[in-house]
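Residue numbers (the numbering used here), protein chains in the order written: chain Z, 1 to 338; chain S, 1 to 338; chain R, 1 to 338; chain B, 1 to 338.
Check each hint, because a few of them may be wrong.
Here are the computed lysine to any residue pairs in the SDA-like style, where the Cα-Cα straight-line distance is at most 25 Å [unchecked claim]: (1) Lys142/S - Ile39/R; (2) Lys32/B - Pro65/B; (3) Lys136/B - Ala269/R; (4) Lys268/R - Pro65/B; (5) Lys166/R - Ser248/B; (6) Lys255/B - Asn256/Z; (7) Lys4/B - Thr307/Z; (8) Lys255/Z - Asp146/B; (9) Lys268/R - Lys130/B; (10) Lys249/R - Ser161/B; (11) Lys136/Z - Glu21/S; (12) Lys130/R - Lys142/S; (13) Lys4/R - Glu285/S; (14) Lys142/Z - Ala269/B; (15) Lys268/Z - Lys249/R; (16) Lys263/R - Glu253/B; (17) Lys119/Z - Thr307/Z.
Here chain S is said to cover these stretches of chain R; the calculated rule only asks that three of the stretch's residues, wherever they fall, bring their Cβ under 8 Å from a Cβ of chain S [claimed, not checked]: (18) 103-113; (19) 135-147; (20) 152-163; (21) 219-227; (22) 254-261.
Hints are computed from structural coordinates only; laboratory data are not their basis.
Glycine is no exception: its CB is placed at the ideal position from the N, C-alpha and C atoms.
Protein chains: 4
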Amino acid sequence: MTKKLQVGIIGAGRIGKLHTENILRFPDVEIKTIADPFIESAREWGQSLGIQHLESDPMTIINDPEIDAVFICSPTDTHINVIEAAAKAGKHIFCEKPISFSDEATMNAYQIVKENNVKVQIGFNRRFDKNYARVKEYVASKVIGDLHILKITSRDPEPPSLDYVKRSGGIFMDMTIHDFDMARFVAGSEVTEVFVLGNALVNPEIAKADDIDTAIISLKFENGALGVIDNSREAVYGYDQRIEAFGSKGAAESKNEIDTQVKLSTSKAILEDQPLHFFLERYNEAYIKEVADFFQSIIENTPITCTFEDGIMAQRIAQAAKESWQTGKPVSVKRIDA
Amino acid sequence: MTKKLQVGIIGAGRIGKLHTENILRFPDVEIKTIADPFIESAREWGQSLGIQHLESDPMTIINDPEIDAVFICSPTDTHINVIEAAAKAGKHIFCEKPISFSDEATMNAYQIVKENNVKVQIGFNRRFDKNYARVKEYVASKVIGDLHILKITSRDPEPPSLDYVKRSGGIFMDMTIHDFDMARFVAGSEVTEVFVLGNALVNPEIAKADDIDTAIISLKFENGALGVIDNSREAVYGYDQRIEAFGSKGAAESKNEIDTQVKLSTSKAILEDQPLHFFLERYNEAYIKEVADFFQSIIENTPITCTFEDGIMAQRIAQAAKESWQTGKPVSVKRIDA
Amino acid sequence: MTKKLQVGIIGAGRIGKLHTENILRFPDVEIKTIADPFIESAREWGQSLGIQHLESDPMTIINDPEIDAVFICSPTDTHINVIEAAAKAGKHIFCEKPISFSDEATMNAYQIVKENNVKVQIGFNRRFDKNYARVKEYVASKVIGDLHILKITSRDPEPPSLDYVKRSGGIFMDMTIHDFDMARFVAGSEVTEVFVLGNALVNPEIAKADDIDTAIISLKFENGALGVIDNSREAVYGYDQRIEAFGSKGAAESKNEIDTQVKLSTSKAILEDQPLHFFLERYNEAYIKEVADFFQSIIENTPITCTFEDGIMAQRIAQAAKESWQTGKPVSVKRIDA
Amino acid sequence: MTKKLQVGIIGAGRIGKLHTENILRFPDVEIKTIADPFIESAREWGQSLGIQHLESDPMTIINDPEIDAVFICSPTDTHINVIEAAAKAGKHIFCEKPISFSDEATMNAYQIVKENNVKVQIGFNRRFDKNYARVKEYVASKVIGDLHILKITSRDPEPPSLDYVKRSGGIFMDMTIHDFDMARFVAGSEVTEVFVLGNALVNPEIAKADDIDTAIISLKFENGALGVIDNSREAVYGYDQRIEAFGSKGAAESKNEIDTQVKLSTSKAILEDQPLHFFLERYNEAYIKEVADFFQSIIENTPITCTFEDGIMAQRIAQAAKESWQTGKPVSVKRIDA
């Protein structure tokens, strides 16, 4: 039997815990160490899962020659340092989105990653959802002909705390970045221009934090197709995650996932289940598939499917969106090679 | 028994014929005269319906003191003259959209209409569709709370001829104008800004005619809500007419009407009916209701529900949209009183 | 211009009024006379529609040589006499269901109809609904292969009065007879055996009237297919009218018609419209199509599509169902030629 | 840390392997031994999962004092002997359906189980499906009022081999037994009478094996409600598993589960996904939940939710159904205490 892949998890917050529990399903992978500055609050949880090393310093992971790959689940402002250190230590990297809030910093880390020839996967989990994968397949295989219009509806069931909003990098970096990645993924073409209409309609306090909670984002794609994303921080009926690709030969529309297929008919109304509440429920399988894909790329030495470049481009579209919202004008998006 | 309302129809093309046949259902209304420069090609049709006067000169209608109301179904470039003449002759007016291609001309006709105190209804038939009426009701009664996002999907099943495109006034005046009216109708608020992304993806010849066939149109409403319309001149699966109003307490979504509720399951697929093919089928009932509403306003002397002012505003949004598409920038929309 | 078809309506209750108002839409048909023993209560209604002759004696219609066709909308126990008199007078007949409560009487009338060579259509309006017509087409054209199972759900939104129940002939003659006809119509094969499970669950008083309000009726078809009908006198959510044909190559399922296609999403639930309330709304178009079909058969002298024989067979299945319910055993159904 | 629950699996066919792989997910449970007369063909599979003891003689499990519970996944004709031996050895039992083909044998085993006070769960996995659980909840809590009609559609996507059919005990014991259990589970009431219409329409060879492949089964419940099950051995569009509970205050309808929520619109049709292909995909989660429930009952010493008595009753209804099909008459079902 071959040696198991040794993994370290940096950051034991909600998403770090999620990945940890999912990774435990993989018989060929072992989580050697979890590191978090506040590791004490996660110690009981980690021990119950049989994790041997629970540390406060992420460098324990970086400096451990036995560890093959790291999961970066710490706050965004720590990503660059950890990516660079991990790359120099020759470790493969799974990094949560966004890579950073600065294009310059991200591009610098990108150079280091390339020089050290490690694999990097960015955590755009939705690519691994079977519904979106089906829509992408219909677009890529031209079942719907040439893509003309791509529509993404992405609404959270409840807004984050104001406190979180203030350090989130804004709605585009925090929330819409997933939709920007989805737009590129499904369209199979780069976004070249963004125009934003936005407002703070859910909570006016968000405006004081110089952010918005409701947006209509128009996109121009390199291949001539047009796109639009609509966002809200609060859809009271649940997590609303839909996509529609319209083309010269038809359209593919991915509707919301619901819990049961039970329809209730009463003297008042006909009722169906609401969309699954939030991302943990909705993308449960996708979170497992994305790490499976990461491990497979490492074990079989095949290319990563959701790359550093994908992270860079989503981040650039988010930056352009922010500028469009601030200036009230359309803004173009730079390509990596530009 | 009271005297029947006497009506004249100006223009015996597709829409003139449609209104004629619908009006025949109203026992209290009589079509006295139909006028069209090419009346010969419609004579057989008109006689089979028992219409007594089939004339080539619209002035026969304007000058007939017995006629109470006129339906203006002639080409757009004739509207202003006919409106002004009919208003001066004291006749009530039902006028197809758009009123004209010029804001100045439209505002001039508006003055004359007001001075002569006649009723004018503009032919935004979709307001009378039960689905949209329901969505509007949910918005107006705040069942969905405050409106945050309004989305309109409006795609024709097949493009018009290039020849028609060239004299249509462009996609915004010809096609999207219905969606602009719907946006104002459902939102219950004025559109203050428009931004357009457009392209000629269905037929590149349309670009040569200085027009587009595919568009994403972002809207800012006075009440803070945001909107988006997506248009295509060709949805191969049928006439795609959907609307979604999203607010602080929920969302209302009007899906396409289909012919039968029959689902077919085979070894290959599960199939349902496509959307009803085009506007005659889809808005069949709405066309009847709009003229019923017009007649009721005249007979009972109550206010028109789809007014000249509604026509002016839809036309102004269309003009702003055209300017946005030409300049690549967002454009504001003037209010009537501005 | 040819002479209009002259029609007499016998019975001015709910269904007589419905047919009257529908017939007024046909320019080639004129309702000369309406007869009802209680004609006074319908006089105002009849006059407002411009019907010239409003009589109390149905023989006024039978004896009027100008009348070409009669609509028999009087109570079931009068049908036989009127059919026989009308047939002898050479008039074409549209008769509501059931023909009678007695097979002997029905067969006697059948002989007289045949001897006098008049056309008779029985009022199984559902055959003219576009949804069922589509399902039948999928069965007849073998799109679903050979029929294996036919399922009919037929539930009224509210029970009739106990008084009505007592003179209705029982649930099978009054309500299920439509489903028996639909079963033969869609299957394209005769029902050879019936087995009933029934109960009075909606209203125990119905049991005292020796009737039931809830039933599961199993059917054996001559072609080997199996069928089941489920009935209830009260579905609180609306008029539930569905059918499903399952075969060797697939299945066709006709779902309920609803008023609008609007889906409402709230923090409590996702809601859709209930089924259209009752037969007047649900089968509005079908009632018009069935009389159109009748008139066309007369005017063009083509065969009736819903025949006396269809009426006989549905009545026989209803009788067998009643016997099965009373004896607790399966009962076979006699063919007309048996 | 407490000792793990030790489990033995008897039978390494399809269902034995399914349970084995699911049980590996439970950290508190260890599969000590798998026994099957043809264990060699399963040895590689068992070793890859790390199962230590792979034996040919089931008595290895029965006689192993360390084993707490056995899963009986061997052919039906071996169930009784194994149940009796396991019960006498004091082991808890999870037994696949049906318990046996003989009511006498089953009742004898039932006595032995009671005398030895072991827990027995029967493998009616569908009870653990979230859709059916929701429908049952709506019935039990009277959200739909009193139950009037229960409808179950249960159609396999493809027929088993003729060879399997011959030793399956017939369609009612093999396939419908799940539906009989579901009927009792959802109705919360005993079935008192059964009537069957059946035919061999999928494959006439099945008739030669004295069996059928298509059936309509009417059910009378003790509480007055009525039920119907329709079965086919071959639904070419997929595994069709639906249920509908109709009552005095409404109805609950569980539709099929599908793979993705993607709708494809083309110039030909609107297409959705077919039902999940077969029981492994459709009841994937339910199979995991049923063993979780079994383990919880043992570990916490709480009552089993799907009991030996449930197995007896489903078997008796299956026997009554067979008799009804053979005699063409309704047949009553005996209660356990009768």
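A quick look at each hint next to the structure:
1. Distance restraint check for Lys142/S and Ile39/R: the Cα-Cα separation of roughly 49 Å exceeds the 25 Å cut-off, and the hinted pair is therefore not satisfied.
2. As the CA atoms of Lys32/B and Pro65/B are separated by approximately 12 Å, the hinted pair is consistent with the 25 Å bound.
3. For the given pair, Lys136/B sits about 19 Å from Ala269/R by alpha-carbon distance, which is consistent with the 25 Å threshold.
4. With a C-alpha separation of about 53 Å, the suggested pairing of Lys268/R with Pro65/B is violated against the 25 Å cut-off.
5. The suggested pairing of Lys166/R with Ser248/B holds, with an alpha-carbon distance near 22 Å, which does not exceed 25 Å.
6. Between Lys255/B and Asn256/Z the alpha-carbon distance is near 16 Å, which keeps this suggested pair within the 25 Å criterion.
7. Simply put, Lys4/B and Thr307/Z have alpha-carbon atoms about 43 Å apart, too far for the 25 Å limit, and the pair is violated.
8. Distance check on the hinted pair: Lys255/Z and Asp146/B sit about 34 Å apart at the alpha-carbon level, beyond 25 Å; violated.
9. The suggested pairing of Lys268/R with Lys130/B holds, with an alpha-carbon distance near 20 Å, which does not exceed 25 Å.
10. Between Lys249/R and Ser161/B, the direct Cα distance comes to roughly 19 Å. Compliance with the 25 Å bound is thereby established for this hinted pair.
11. Pair hint Lys136/Z plus Glu21/S does not hold up; C-alpha atoms about 47 Å apart against a cutoff of 25 Å.
12. Only pairs whose Cα atoms come within 25 Å are accepted, and Lys130/R paired with Lys142/S is rejected, the gap being roughly 37 Å.
13. Restraint check for Lys4/R and Glu285/S: not satisfied, since their Cα atoms lie roughly 29 Å apart, outside the 25 Å limit.
14. Taking the CA atoms of Lys142/Z and Ala269/B, the gap is about 16 Å. The hint holds against a cut of 25 Å.
15. For the hint linking Lys268/Z to Lys249/R, the alpha-carbon distance of about 38 Å lies beyond 25 Å, and the restraint is violated.
16. This hinted pair checks out: Lys263/R and Glu253/B have alpha carbons roughly 18 Å apart, not beyond 25 Å.
17. Using a Cα cut-off of 25 Å, the hinted pair Lys119/Z and Thr307/Z holds, with the two alpha carbons roughly 8 Å apart.
18. Only when three residues or more bring their CB closer than 8 Å to a CB of chain S does the claim for the segment 103-113 of chain R stand; here the count is 0, and the claim is violated.
19. A stretch counts as covered by a chain when three or more of its residues have a beta carbon under 8 Å from one of that chain; for the segment 135-147 of chain R and chain S the count is 4, and the coverage holds.
20. By the rule of at least three residues with a Cβ nearer than 8 Å to a Cβ of chain S, the coverage given for the segment 152-163 of chain R is violated, with 0 such residues.
21. Coverage of the segment 219-227 of chain R by chain S is violated. Counting CB-CB distances below 8 Å, 0 residues qualify, and the rule asks for three or more.
22. Restraint check on the segment 254-261 of chain R versus chain S: 7 residues with Cβ-Cβ distances below 8 Å, three needed, restraint holds.
Of the numbered hints listed earlier, those contradicted by the structure are 1, 4, 7, 8, 11, 12, 13, 15, 18, 20, 21.
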